[in-house]
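Participant: Now for the letters of each chain:
2 protein chains.
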Amino acid sequence: MFLRQTKTMTPPASGTAPATTAHGRLTINLGAIAANHDILSRKVGPACQLAGVVKANSYGTGLDRVAPTLFARGCRRFFVATPAEALTLRQILPLAEIAVLGGGLPEARDDYIRYQIEPVLNSLHDIALWREAARQIDKPLPAIIHLDTGMNRLGLAADEARTLIADPALRRGLDIILVMSHFACADEKYHPLTQRQYECFADFARHFPQARKSLANSSGIFRHQDYHFDMVRPGMAIYGLNPTPEAPNPMQLVVTLEARILQTRTLKKGETIGYSATHIFNAPALTATVALGYADGFHRAHSGKAKLYWQGIPCPVVGRVSMDLVTVDLSHLQAPLPQAGDWFEVLGPHQSADQLAESAGTIGYEVLTNLGTRYPRIYREAL
Amino acid sequence: MFLRQTKTMTPPASGTAPATTAHGRLTINLGAIAANHDILSRKVGPACQLAGVVKANSYGTGLDRVAPTLFARGCRRFFVATPAEALTLRQILPLAEIAVLGGGLPEARDDYIRYQIEPVLNSLHDIALWREAARQIDKPLPAIIHLDTGMNRLGLAADEARTLIADPALRRGLDIILVMSHFACADEKYHPLTQRQYECFADFARHFPQARKSLANSSGIFRHQDYHFDMVRPGMAIYGLNPTPEAPNPMQLVVTLEARILQTRTLKKGETIGYSATHIFNAPALTATVALGYADGFHRAHSGKAKLYWQGIPCPVVGRVSMDLVTVDLSHLQAPLPQAGDWFEVLGPHQSADQLAESAGTIGYEVLTNLGTRYPRIYREAL
Numbered sequence: 001m002f003l004r005q006t007k008t009m010t011p012p013a014s015g016t017a018p019a020t021t022a023h024g025r026l027t028i029n030l031g032a033i034a035a036n037h038d039i040l041s042r043k044v045g046p047a048c049q050l051a052g053v054v055k056a057n058s059y060g061t062g063l064d065r066v067a068p069t070l071f072a073r074g075c076r077r078f079f080v081a082t083p084a085e086a087l088t089l090r091q092i093l094p095l096a097e098i099a100v101l102g103g104g105l106p107e108a109r110d111d112y113i114r115y116q117i118e119p120v121l122n123s124l125h126d127i128a129l130w131r132e133a134a135r136q137i138d139k140p141l142p143a144i145i146h147l148d149t150g151m152n153r154l155g156l157a158a159d160e161a162r163t164l165i166a167d168p169a170l171r172r173g174l175d176i177i178l179v180m181s182h183f184a185c186a187d188e189k190y191h192p193l194t195q196r197q198y199e200c201f202a203d204f205a206r207h208f209p210q211a212r213k214s215l216a217n218s219s220g221i222f223r224h225q226d227y228h229f230d231m232v233r234p235g236m237a238i239y240g241l242n243p244t245p246e247a248p249n250p251m252q253l254v255v256t257l258e259a260r261i262l263q264t265r266t267l268k269k270g271e272t273i274g275y276s277a278t279h280i281f282n283a284p285a286l287t288a289t290v291a292l293g294y295a296d297g298f299h300r301a302h303s304g305k306a307k308l309y310w311q312g313i314p315c316p317v318v319g320r321v322s323m324d325l326v327t328v329d330l331s332h333l334q335a336p337l338p339q340a341g342d343w344f345e346v347l348g349p350h351q352s353a354d355q356l357a358e359s360a361g362t363i364g365y366e367v368l369t370n371l372g373t374r375y376p377r378i379y380r381e382a383l
Numbered sequence: 384m385f386l387r388q389t390k391t392m393t394p395p396a397s398g399t400a401p402a403t404t405a406h407g408r409l410t411i412n413l414g415a416i417a418a419n420h421d422i423l424s425r426k427v428g429p430a431c432q433l434a435g436v437v438k439a440n441s442y443g444t445g446l447d448r449v450a451p452t453l454f455a456r457g458c459r460r461f462f463v464a465t466p467a468e469a470l471t472l473r474q475i476l477p478l479a480e481i482a483v484l485g486g487g488l489p490e491a492r493d494d495y496i497r498y499q500i501e502p503v504l505n506s507l508h509d510i511a512l513w514r515e516a517a518r519q520i521d522k523p524l525p526a527i528i529h530l531d532t533g534m535n536r537l538g539l540a541a542d543e544a545r546t547l548i549a550d551p552a553l554r555r556g557l558d559i560i561l562v563m564s565h566f567a568c569a570d571e572k573y574h575p576l577t578q579r580q581y582e583c584f585a586d587f588a589r590h591f592p593q594a595r596k597s598l599a600n601s602s603g604i605f606r607h608q609d610y611h612f613d614m615v616r617p618g619m620a621i622y623g624l625n626p627t628p629e630a631p632n633p634m635q636l637v638v639t640l641e642a643r644i645l646q647t648r649t650l651k652k653g654e655t656i657g658y659s660a661t662h663i664f665n666a667p668a669l670t671a672t673v674a675l676g677y678a679d680g681f682h683r684a685h686s687g688k689a690k691l692y693w694q695g696i697p698c699p700v701v702g703r704v705s706m707d708l709v710t711v712d713l714s715h716l717q718a719p720l721p722q723a724g725d726w727f728e729v730l731g732p733h734q735s736a737d738q739l740a741e742s743a744g745t746i747g748y749e750v751l752t753n754l755g756t757r758y759p760r761i762y763r764e765a766l
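Line by line, the protein sequences are chains A and B. Numbered by my numbering, the letters in the first sequence go through residues 1 to 383 in order. Numbered by my numbering, the letters in the second sequence go through residues 384 to 766 in order.
Chain A with its partners taken away, still in its complex shape (with noise of 0.2 Å):
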């Protein structure tokens, strides 16, 4: 062993493994955000404003280059979920406009109003909070207005928005900027749910004349012009996520991942692979260990079921994901064979996480928020 009474050396701080010793390594395409935010701009036009949703850590892929990055292209307002999220925005985007979906929790009012941040109203509880709040401060804030329209999660109820509507006095003392609703179910095309989301928001907003409208998510752009109104808020499209499911995906791929074979083995016919020994190999078989577990984000659904690949050829997960392993079978591959050393696309050009999710019976969406933080991440700046 080691002789731990002598001084040891202490490596540098560093937040993550540099590139050559990592066992997996995460690329966010910073030009495809910027491509991405393009496309959506031009398919709602110049009149409708771009705003960016960035809660998650952007979807998981790094809130403090994405903000910039979309910033840069023009975008000046931006969503997030909590007040613990717009503080750090404020900090990466003194000059952004940020909106904080879960905003009511009266006990951020104070840090809404000294870093200029609006907390979404949802209630017409969160609504005489900030009336307060702004007769505290002698002078008006600034707010925005979310109707619930059918997700039942967040936003005034329809009785509440007849109330608001019925007694301006509800709203002395507040700036409304903009009113907004959310489509639950705009990524399927043809979802009744979806038409009559946009006629019951569409009633309440007439009554806002001053107010911005805002409704449509990334899935919502697609289905109709007249959803788009004076604002949309796409989140998924901006990371590379198809927002037309049935269609191919009119998005730049965003995020890629390899994984890092550690060993290859070969197994005899009746061997057994992983923790409960669940796949039993019936032929001889060759298979990699590769560095890649559900710590990392790899969901444990994966089991048995997803693909990684090796220069576009699939191969499959075989037995259990484990914390930071699974293993893949290699048979079918010819020679030259991947070795100890070489690297697995988990998500790239053969593989959208959109089609991984798949295989563990989720969405796109889980599998960018689930990244890992083991394998350093790699930035391709937007030119």
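Each hint should be verified, as a subset may be incorrect.
Listed next, with one range per pair, are the computed distances between beta-carbon atoms [to be verified]:
#1 A:331 - B:609: 54 to 62 Å
#2 B:392 - A:336: 54 to 62 Å
#3 B:392 - A:136: 42 to 50 Å
#4 A:249 - B:744: 23 to 31 Å
#5 A:114 - B:715: 53 to 61 Å
#6 A:195 - B:392: 39 to 47 Å
#7 A:246 - B:573: 47 to 55 Å
#8 A:135 - B:744: 44 to 52 Å
#9 A:206 - B:635: 54 to 62 Å
Computed footprint of chain B on chain A; a stretch qualifies when at least three of its residues, placed anywhere within it, have a C-beta under 8 Å from a C-beta of chain B [said to hold, decoys possible]:
#10 39 to 47
#11 101 to 108
#12 162 to 168
#13 202 to 208
#14 240 to 247
#15 260 to 267
#16 359 to 369
Covered, in the sense of this in silico footprint (three residues per stretch, anywhere, with C-beta under 8 Å from a C-beta of chain B), are these stretches of chain A [what the hints assert, rightly or not]:
#17 63 to 75
#18 149 to 157
Please keep in mind that the hints were generated in silico from the structure rather than gathered at the bench. Note that beta-carbon positions come from the ideal geometry of N, C-alpha and C, so glycine has one too.
Since chain A is already given, all that's left is putting chain B on it; use the hints.
Facilitator: Only chain B this time, still in chain A's reference frame:
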């Protein structure tokens, strides 16, 4: 809108939200980590060394706090998964003995030598590279040899093991300090593979009389005293997961996760909830929208299945878990009812990580290693 042209105040840099404005809070009980160390230590007795498995950021609980806690309880040997994790741990514990389970990548060799980190050697190829390193620096290097006894994931295959035993020249220049293997099915009390792995390992290990021997993981410790050898390598049991799933958990609870209500809603019969409107209420209902989503590691697979606890009463998740929000049904609760700002228990005394995992068809390990970074971490100090 706030006037962005004027200078905006920028909040001070901080890792996460202060607990007061946070949407969730994660409490890690370091006292329970220490207690679990001691329970395991007593179980194996003073002749057996307890090594701490602290890979994946100490199973999601925080390496920088957990490793020193274990060290203070007398733990000197630690196992991590990757070279990067080893370097991070070396910064935290300059005097610890650190082994890297997936250690074989040649690029990491110089770091291993400089920072006195030991790669676990998983193949004759790994052994040859490490011998070459010893030759180059012209002194013996400590070596850890991993025999595969049935995981078929990492470690020497049976034929490699025979070759290594037969030819001492293959290990010349190495000081073999530890031989080890890993159980595949020790969590299942009577799985026949466990005893076969034990016999296979014992057979191999007797050829290395100078080396310590290590086989048992957390579950293995509880299965048979013979499995303890000179060193055990618990992971999950330290973090409070149950190493004996067939019996009550002998470990103490380490992780508590609470999430906050953003809004409560009254729904009419026939209304739907969340994305794709998957849940339809067949009676009037009261729900709470809680600030917790799959971006926080609350898996989408919990949709319509998991429960959150309100003062010890389970409340079912209804509809789909979304990125930042989940909805629970409160219709069965009696007054006083939970309000916006109140906290639900996600993990804690009423619901362990093992139990929550069941509703997503996974295991407590994945629940812990996927814990998110948006909620602040509160560490309760060990006494």
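Participant: For every hint, state whether the structure bears it out.
Facilitator: Status of each hint after checking the structure:
| no. | hint | result |
| --- | --- | --- |
| 1 | A:331 - B:609: 54 to 62 Å | 36 Å, violated |
| 2 | B:392 - A:336: 54 to 62 Å | 59 Å, holds |
| 3 | B:392 - A:136: 42 to 50 Å | 18 Å, violated |
| 4 | A:249 - B:744: 23 to 31 Å | 29 Å, holds |
| 5 | A:114 - B:715: 53 to 61 Å | 41 Å, violated |
| 6 | A:195 - B:392: 39 to 47 Å | 43 Å, holds |
| 7 | A:246 - B:573: 47 to 55 Å | 50 Å, holds |
| 8 | A:135 - B:744: 44 to 52 Å | 51 Å, holds |
| 9 | A:206 - B:635: 54 to 62 Å | 59 Å, holds |
| 10 | 39 to 47 | violated (count 0) |
| 11 | 101 to 108 | holds (count 7) |
| 12 | 162 to 168 | violated (count 0) |
| 13 | 202 to 208 | violated (count 0) |
| 14 | 240 to 247 | violated (count 0) |
| 15 | 260 to 267 | holds (count 6) |
| 16 | 359 to 369 | holds (count 6) |
| 17 | 63 to 75 | violated (count 0) |
| 18 | 149 to 157 | holds (count 6) |
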